[in-house]
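Undergrad: Sequence:
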Amino acid sequence: MFNPKDFGAMGDGIALDSKAIQKAIDACFEAGGGTVYIPEGKYLCGTMHLKTNVHIWLDKGATILGSKNREDFDRYEEDAANTEFQDRSHSFFHHSLFHADGANDIALTGFGKIDMQSAWEDLDFTEFPGSKGCHWCRGCKVVAFKECTNVVIRDLVIRNATDLAVYVAGCENVTISGLNLFSHVDGISPDSCKNVVISDCIVDTGDDAIVPKCSYTLGRFKSMENLTVANCVVRSTASAIKFGTESNSAFINTTITGCTVYDTRLEGLFIMTADGARVEGLSISNITMRNVAVPIALLVSNRARGPEGTAIGEMKNISISNVIVTGPYTETIHATMAQNSKDYYANTLEKPCHHFPLLIAGQEDSVIKNVSLSNIQFVVPGGGSEADREIVLNELRTQYPSVRAFGTKAPVYGFYAKHVDNLKLYNVDFITEKPDARDAMQLEHVTRFKQV
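The sequence shown begins at 793 in the numbering used here and counts up one residue at a time.
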């Protein structure tokens, strides 16, 4: 066992302790592996690099404070490739509290706390390849692991991150469990990984909360494969559980089960392919939602942000069962999320939340196939007028993929489906809180439909 205090760490929250902790990590690695034990105290830190066979354990009462001095962190990779194919956060790994690249058998666990102290920064990327004159307001990631194997992140309290909090890309055999996480931006983001379990976490975010991706950050296509999200409690100022904003490759063999979603301004569950990804083999079950504007949305679009020749994606073989959605629905839920200065979310927070029905929307040249909905109860706001029945939803093809792009109102109160083949509904019920002149359901270009 290696104690950073034996390497000069002060643990007073004032002195910079990341260099001492790094010395402990290095010594542990050179000894063939083991545990770096961080005892009670406050440790002010910049970037630390995790290495193969090293387990960092934060004892109860141990707090790592992210430094507010950005010079204490490694800078962004100036040679980062493919920055034009995904949102900028997903191109960089070095500017983080804990970084690992190609390490095996690593762990970050314990009963301690990591607090990034809501430190933002104004970044200038105008000199970076593919930057397109980008200025960007973000801070440091908490965890950024790239192409690592056998990763465990467990039982920690994580607070006040101002970039992606936990980002693992191209990793295999990943367990993320028991986190109590608040981030101003995204929460847990596995990207192009294989064999991932996210379970028993409490996630509360200013942007998307649990956000699997299959981006082009590795410079090659790599699927998000064999993913389970289970027994999590999730709240978001944007989307709670969201797949596909970064979607170049594929989401294959995914289970989402036993989760509770509440007070979420946009989508509760949003599954999409926007940049050519294939979504195949998805099971969603045993979900409860309360005060969520858009409970469930499945979407195929064709933003085609990817290498030249990127074709439209596809979606098939999806089962959604045992879902209960209730109100009351409010338009002020997002105001409970305190935001940092720099007004990073000012535009988002000014936009009201609008309830939208359950949505399944493919494209004429990419029909969503084989969808089963069973044992579902939606209590929806209602209140639609006779005139609302005539609403024609916007087409969503090449723009940023969002349910809001369809408009703020729908011609139905319960369920809208378009370009779907083999759609089955078993014991699906939509109940309005207020009288509604609209129909419960509208289907357009839907073939092989069955309702029981």
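Hints are computed from structural coordinates only; laboratory data are not their basis.
Treat each hint with caution, since some may be false.
[To be verified] The calculated lysine to aspartate or glutamate pairs, modelled on DMTMM-like cross-linking and capped at a C-alpha distance of 20 Å, are: (1) Lys-1108 - Asp-1180; (2) Lys-815 - Glu-869; (3) Lys-938 - Asp-992; (4) Lys-1216 - Glu-1182; (5) Lys-938 - Glu-869; (6) Lys-1210 - Asp-1180; (7) Lys-1216 - Asp-1055; (8) Lys-811 - Asp-798.
Undergrad: All the hints need checking, so say for each whether the structure fits it.
TA: Hint by hint, here is what the structure shows:
1. Lys-1108 - Asp-1180: Violated, because 31 Å separates the two Cα atoms, which is more than 20 Å.
2. Lys-815 - Glu-869: violated, 23 Å
3. Lys-938 - Asp-992: violated, 23 Å
4. Lys-1216 - Glu-1182: Violated: Lys-1216 and Glu-1182 sit about 26 Å apart, past 20 Å.
5. Lys-938 - Glu-869: This hinted pair holds, its Cα atoms lying about 13 Å apart.
6. Lys-1210 - Asp-1180: Cα-Cα ~18 Å, so holds.
7. Lys-1216 - Asp-1055: violated, 29 Å
8. Lys-811 - Asp-798: holds, 12 Å
Violated hints, listed in ascending order, are 1, 2, 3, 4, 7; each of the other numbered hints is respected by the structure.
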